[in-house]
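S.K.: The primary structure of each chain is shown beneath.
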Amino acid sequence: MKPRLPLHIGLLATAGLLSAGQALAQDASQDPVQLTMYYPVAVGGALTDVVDDLVEDFEAEHPDIDVEAIYAGNYDDTRVRAMSAIEAGEAPQLSVMFSIDLFDLIEQDVIVPFDDLVETEAEQAWLDSFYPGLMENGRLDGKTYGIPFQRSTIVLYWNRDAFEAAGLDPDQPPETWEEMAAMGAAVHEATDGEQWGVMVPSTGYPYWMFQAFAFQNGHRLMSEDGTEVYFDDPAAVEALEYWVSLAEEHEAMPDGTIEWGTLRQNFLEQSTAMIWHSTGNLTAVRNAAEFDFGVAMLPMKTQRGSPTGGGNFYVFKDTSAEEKQAAMTFIRWMTAPERAAAWSIETGYMGVSPAAYETEALRDYIETFPPAAVARDQLEHSTAELATYQGGRVRRALDNAVQAALTGQMTPAEALAQAQREADAALRRYAR
Amino acid sequence: MASLNPDRRMQIYGALLMLPAAVLLATFAYLPTIATLINSLFLPGFRGEPASFVGLENYALLIEDDTFWQVARNNLFYAVGTIPTSIALALGMALFVNARLPGRGFVRMAYFTPTILPMIAAANIWMFFYAPQIGLFNTLLEGIGVPGVNWLGDPAVALSSVIVMTVWKEAGFFMIFYLAALQGIPPELEEASNLEGTSRWSFFWRVTFPLLMPTTLFVLINALINAVRVVDHLFIMTKGGPNNATNLLLYYVYENAFSFFDRTYAATITVVILLVLAVVATVKFTVLDRRTHYQ
Amino acid sequence: MNTSTASPARASRRFSLPRLETIAAWLLAIIWIFPLLYAFWAAFHPSEFMVRFDLLAPLTLENFADAWEQAPFARYYLNTFVLVTGVVLAQFVVCTLAGFAFARFPVPGKDVLFMLVLIQLFVFPEVLIVENYRIASGLGLVDTIAGIGLPYVASAFGIFLLRQTFKTIPRELEDAARVEGCGWMAILLKVYVPLAKPTYLAYGLVSISHHWNNFLWPLVVTNSVESRPLTVGLGVFSAPETGVNWATVSAATLLSIAPLLVAFLLFQRQFVQSFLRAGIR
Chain U
1 MKPRLPLHIG LLATAGLLSA GQALAQDASQ DPVQLTMYYP VAVGGALTDV
51 VDDLVEDFEA EHPDIDVEAI YAGNYDDTRV RAMSAIEAGE APQLSVMFSI
101 DLFDLIEQDV IVPFDDLVET EAEQAWLDSF YPGLMENGRL DGKTYGIPFQ
151 RSTIVLYWNR DAFEAAGLDP DQPPETWEEM AAMGAAVHEA TDGEQWGVMV
201 PSTGYPYWMF QAFAFQNGHR LMSEDGTEVY FDDPAAVEAL EYWVSLAEEH
251 EAMPDGTIEW GTLRQNFLEQ STAMIWHSTG NLTAVRNAAE FDFGVAMLPM
301 KTQRGSPTGG GNFYVFKDTS AEEKQAAMTF IRWMTAPERA AAWSIETGYM
351 GVSPAAYETE ALRDYIETFP PAAVARDQLE HSTAELATYQ GGRVRRALDN
401 AVQAALTGQM TPAEALAQAQ READAALRRY AR
Chain B
1 MASLNPDRRM QIYGALLMLP AAVLLATFAY LPTIATLINS LFLPGFRGEP
51 ASFVGLENYA LLIEDDTFWQ VARNNLFYAV GTIPTSIALA LGMALFVNAR
101 LPGRGFVRMA YFTPTILPMI AAANIWMFFY APQIGLFNTL LEGIGVPGVN
151 WLGDPAVALS SVIVMTVWKE AGFFMIFYLA ALQGIPPELE EASNLEGTSR
201 WSFFWRVTFP LLMPTTLFVL INALINAVRV VDHLFIMTKG GPNNATNLLL
251 YYVYENAFSF FDRTYAATIT VVILLVLAVV ATVKFTVLDR RTHYQ
Chain S
1 MNTSTASPAR ASRRFSLPRL ETIAAWLLAI IWIFPLLYAF WAAFHPSEFM
51 VRFDLLAPLT LENFADAWEQ APFARYYLNT FVLVTGVVLA QFVVCTLAGF
101 AFARFPVPGK DVLFMLVLIQ LFVFPEVLIV ENYRIASGLG LVDTIAGIGL
151 PYVASAFGIF LLRQTFKTIP RELEDAARVE GCGWMAILLK VYVPLAKPTY
201 LAYGLVSISH HWNNFLWPLV VTNSVESRPL TVGLGVFSAP ETGVNWATVS
251 AATLLSIAPL LVAFLLFQRQ FVQSFLRAGI R
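Residue numbers (full-length UniProt numbering), protein chains in the order written: chain U, 1 to 432; chain B, 1 to 295; chain S, 1 to 281.
By construction, these hints were calculated from the structure, which means they are not laboratory data.
Incorrect hints may appear among the rest.
[Unchecked claim] Which chain U residues face chain S? A few, computed with CB under 10 Å, are given here:
{"hint": "1", "residue": "Q34"}
{"hint": "2", "residue": "Y38"}
{"hint": "3", "residue": "D49"}
{"hint": "4", "residue": "D77"}
{"hint": "5", "residue": "R81"}
{"hint": "6", "residue": "A82"}
{"hint": "7", "residue": "S84"}
{"hint": "8", "residue": "E87"}
{"hint": "9", "residue": "E269"}
{"hint": "10", "residue": "A288"}
{"hint": "11", "residue": "A289"}
Where is the CB? At the ideal position from N, CA and C, for every residue including glycine.
One chain only, chain U, in its complex shape (with noise of 0.2 Å):
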């Protein structure tokens, strides 16, 4: 009799499937830095392609490092896989994350500051390239935590052709409010209601498109340092009117939430007239028009504005000094003016520092296509997304209050003053 023979078995049955899955789950090699980076894609087109590309391009250039670029999903699932490589000891050496990740990554104590990496003053000059506007995410007390990659404001997509067969003026997309919504009732009147006039999603990130509404009115809606937001300020309660108007008042815009990830989509079927979308849609949308659209600016109450948006490469602190280094020189290579270049003539993302602009290819590129430049113009108008820390619960708090309204459950009014006693709560233990 062999008593332990079952034992044995089961243990065997385990172990099989252990190692093979540990068979999988490695690559082998040890020479070279290994580098792992998590990234996400928010937007249409096939954006891992092009991640793909340039890192061969960056490993044939340094033979010395290896980057594995794994894609995660949208921003949120990126930072739920980070978060939990991290916490299982698998921690990745860098990421592009949401740059509005910063409030939780830091309270998770996981990210190092780039001023703690910059050695040289070619590396702190480089440090210093960027368009301040797009670094405003990045940095929390002085320090920048946060570098630039995949970055976008919203702006306005709108339909030529539609325009002209409504009877408006093809080359005037709207400067105000006022002028939107009367644009986009015209289409949809012209058309019989066949096409509408305007879509603003509310799924996805709702929270991002309510910011730019609310700073066109003059209203920002959190405090630098993360710890209280302001949503039921009566400037905010007007913008999400003004949102809720454009299909309840003024028939511009289908009743109901709008999706985010089909709305590309909807603009290049024509069913709709106008859209607003992140700027790193551009490419994709220029691929499949078959129609002449332009590309705008958000149009103002009291001011132009637009949060940007789009994720920011960290370098994580479960890392050795010589792979810190390696990651450096990936991310320096990534966002030199040449790469942010051609990253954004793929993408329509924008190119993340003056000297990206400047670049040739670039400069041709938007002499060709001039909307390639309308991101950039807007910098200047922008504002910083929304972050805080107990980031996920505030802005659902937020999401769940445009979507109310939007769906006429509550008042512009209620549904933002329930936001803020929720964005409170999650607060609460932060209040300096």
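Since chain U is already given, all that's left is putting chains B and S on it; use the hints.
M.R.: Just chains B and S now, kept in the frame of chain U:
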């Protein structure tokens, strides 16, 4: 070993046979259950500090959390919306394919196919149906001059849209059990009732349906569990929105744990789910299995 | 836990449906299969035909090429394949041993233990994602295929099914084997396992389709392409915010369901029988 009597040896041997399963069950079922209960009594660490014991504070928060109540109501509505419909449809399907029917093989396959698709794939397909303006449903509606509906974007209909998808996915699965049960009913019963001139309708209600009762209860338990367990489609279709209109308990757990980094609150909600499941299990083991024995 | 089985002999004396109900049955069948047909339509046509039905619309494989190119589906296939094979084999081993013990060995407190096992029918790994994640993380199983599979290996359902099957096997066969000098392991392998083949087939098919389709736990526990199964890869690929072209998403969806769908269509009878046998617990 030699000193042990044969009975004792059998006992040890049997225990060893159970050991791998016991270790795995302890690691991935019992231990986490207990840990969930314990963690629901803590608050997560604040700015790097360790988690702190707060007693029942999380439960107090839960009771005051409007979102939690909405999510719980949603889940109840979801269960009420999916279960009776799926069961009725499943029974109907089973009756159809149990009878003589041209193309029976195809019909049965059509009913059953959704069952073998991943929920994620099903959700992808249904996204195309539900998309406003350019989706299939609204294109068809516009074709007959009816204004489109914002299927997933209007809180009044979003949950119902999700329910319809779920019913489509599940009915075929439950059909199988009814089909098995129907084939176990002696055809003599029906022949006898035909001779008596009983209408099919009253035969169904007086004979077939009562005979199918154990199957119905079994399917009901399964459907209840699925209403709690399966939230995959939400990741694609709605992410719980708009304004939590389609959020379900397990998805809310996921959000709290992995989007808000609030593991202890997630544990508290998990405890609620475990309580619900405990009720279902009790019902099953006491009421349903009262007359069957584990022999 | 009733045990009734389908008897084919009775099926021959079927009642035939009135015409109206035949129409209803067919209508329902068409509605039920329609979404899948639509996915085929969308995947094999250029994206402008998504909502325009035209019999002359050009067929194309480009959507599949796009999908294949834009996400590492080959790797996802491999991961899913390794996962499903590993889980099912491990389940067979672990559940066979435990089922055998519950069926034949006089372990003290067996009934209580068995009830404890049955609890897992209700407290399944998905509900415990938060704590299971912590445990997987502690064991270094995050982002491994083993991490996806292990929580499912000691399946209460499998133990229950095999225990029931083993109990129906006559003791005489066991005694005969013992006379020939077989030990317990040999008896298990030579007598019990071969006679339980239909149960293994049934349980295996159910388990395969469950793990092929499983999403939530794999989503939580995997981080990278190296361990992501098809469902998670598909979820990541087709999340609406990526704004991926619908036709491509349809193609990707079909890609990830194809193996199981083809297997189902080929072995429809076995599938249905398996679900039946496994379902009647």
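S.K.: None of the hints should be skipped; say for each whether it holds.
M.R.: Results for each hint:
no., hint, result
1, Q34, "violated (13 Å)"
2, Y38, "holds (8 Å)"
3, D49, "holds (7 Å)"
4, D77, "holds (7 Å)"
5, R81, "holds (5 Å)"
6, A82, "holds (8 Å)"
7, S84, "holds (6 Å)"
8, E87, "holds (6 Å)"
9, E269, "holds (9 Å)"
10, A288, "holds (8 Å)"
11, A289, "violated (13 Å)"
The earlier numbered hints that this structure contradicts are 1 and 11.
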